[in-house]
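Going line by line, the protein sequences match chains A and B.
Just so it is clear: in the first sequence, position 98 is 98 by this note's numbering, and no numbers are missing.
Just so it is clear: in the second sequence, position 66 is 66 by this note's numbering, and no numbers are missing.
Careful, some of the hints might be misleading.
Stated by the list, open to error - Taking lysine-lysine pairs in the DSBU-like style, the calculated list, with each CA pair at most 35 Å apart, reads:
no. : chain 1 : residue 1 : chain 2 : residue 2
1   : B       : 69        : A       : 107
2   : A       : 69        : B       : 107
3   : A       : 107       : B       : 185
4   : B       : 69        : B       : 80
5   : B       : 177       : A       : 107
6   : A       : 185       : B       : 80
7   : B       : 9         : A       : 9
8   : B       : 69        : A       : 80
9   : B       : 185       : A       : 150
10  : B       : 177       : A       : 150
11  : A       : 52        : B       : 185
Derived by calculation from the structure, the hints in this document are not laboratory data.
Just so you know, these numbers come straight off a predicted model, no measurement behind them.
Protein chains: 2
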Amino acid sequence: MEFSELLIKRRSIRNFQDREIPLSLIREIIRDSCLAPNAANRQPWRFIIVNKRDRVEKLARESKSNLLKDLENNPTSLLKNYETILRNESYNVFYNAPCLVYITGPKDVRSLDVDCALAASYLMLAATTRGLGTCWVAFGSRIKNPDILKEIGLPADHRIVAPIILGYPEEIPEPPKRNEPQILKIIQ
Amino acid sequence: MEFSELLIKRRSIRNFQDREIPLSLIREIIRDSCLAPNAANRQPWRFIIVNKRDRVEKLARESKSNLLKDLENNPTSLLKNYETILRNESYNVFYNAPCLVYITGPKDVRSLDVDCALAASYLMLAATTRGLGTCWVAFGSRIKNPDILKEIGLPADHRIVAPIILGYPEEIPEPPKRNEPQILKIIQ
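So that you can see chain A by itself, here it is in the shape it has in the complex (with noise of 0.2 Å):
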């Protein structure tokens, strides 16, 4: 796919096929990720993937439990703004979504959070060259209970970093609205 093409068929998808990925589509994606720039070629991302549907609904409770307690905790966060939604007894955090690709890596990088964020656009841009949807969900990566940590092979000095979900799209939404590119300054 020419990146012309893929700047715009990259889209955010909430709303997917009810069928399963490949395992070696999601390999083969991972590694067009790794490919990405960061700090020092230190390459710190790891990988976990979820690829099956009702286990990634297990997550997406226990994250979505963690962020209404954390609402509770502490009413004047900005989770405020999304507390309908939370509320909502339907509301699957992860869409129903048929796969979960954790990016991950050491908390002690300090890079860690930009690393994984190049990572994550390499991989959700390889994602739709083969004709998947993703959506990076930020709402993904509260888990907290240790069960779930240990099936999910977390280590205890990692920290997620970008929960992305995966699947082939109902649709492809039109391209997204953009704002004007805002240039501070232009020193020539």
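Given the structure of chain A, go ahead and fit chain B onto it with the hints provided.
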């Protein structure tokens, strides 16, 4: 350009031809970068374009001098690993690039690092499709001199996330060495 080719051609470039980049091309690349995904579609990214080699060099000197001060004030910092190169008089943190784009945004946006990294990834890929080379130079963000801050038009409530140099590459090196993807767990 096909995405698979782009993955190989997008390399960190530190050796540039003595050739200017048309401003219109930089604008196109910035426009593409604004199609990056970002938290809640807030698009917090702002851009500063420095398209003149001697002005880029001035900013390189400012950053380098602040890095050296940081090193002197804190000899145990991680900068210690870079002391030899930082003390090398001919070392220009921006590698004599003809152009620099700062990606910046409001400090109070919690997702700023990640949002700007996603835009940076798009910017670097978009530049590659147009025959340009780029490098994210983390060392280039230490701008403190108030006159220089004013000159580049950085608002007091903004911070620089990604200093990215651009130019026509002298050569495109071989594809990068990458570790095998490190997949911690597969649940299926």
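Hint by hint, here is what the structure shows:
1. B:69 - A:107: holds, 27 Å
2. A:69 - B:107: With a Cα-Cα distance of about 27 Å, the restraint between residue 69 (chain A) and residue 107 (chain B) holds, given a limit of 35 Å.
3. A:107 - B:185: Judged against 35 Å, a Cα distance of about 18 Å means the pair holds.
4. B:69 - B:80: holds, 12 Å
5. B:177 - A:107: OK: residue 177 (chain B) and residue 107 (chain A) at ~24 Å, within 35 Å.
6. A:185 - B:80: holds, 34 Å
7. B:9 - A:9: holds, 21 Å
8. B:69 - A:80: Violated - the C-alpha atoms of residue 80 (chain A) and residue 69 (chain B) are around 43 Å apart, more than 35 Å.
9. B:185 - A:150: Holds: residue 185 (chain B) and residue 150 (chain A) sit about 10 Å apart, inside 35 Å.
10. B:177 - A:150: This hinted pair holds, its Cα atoms lying about 32 Å apart.
11. A:52 - B:185: Given that 35 Å is the threshold and the Cα spacing comes to 13 Å, the pair holds.
Checked against the numbered hints given earlier, this structure breaks only hint 8.
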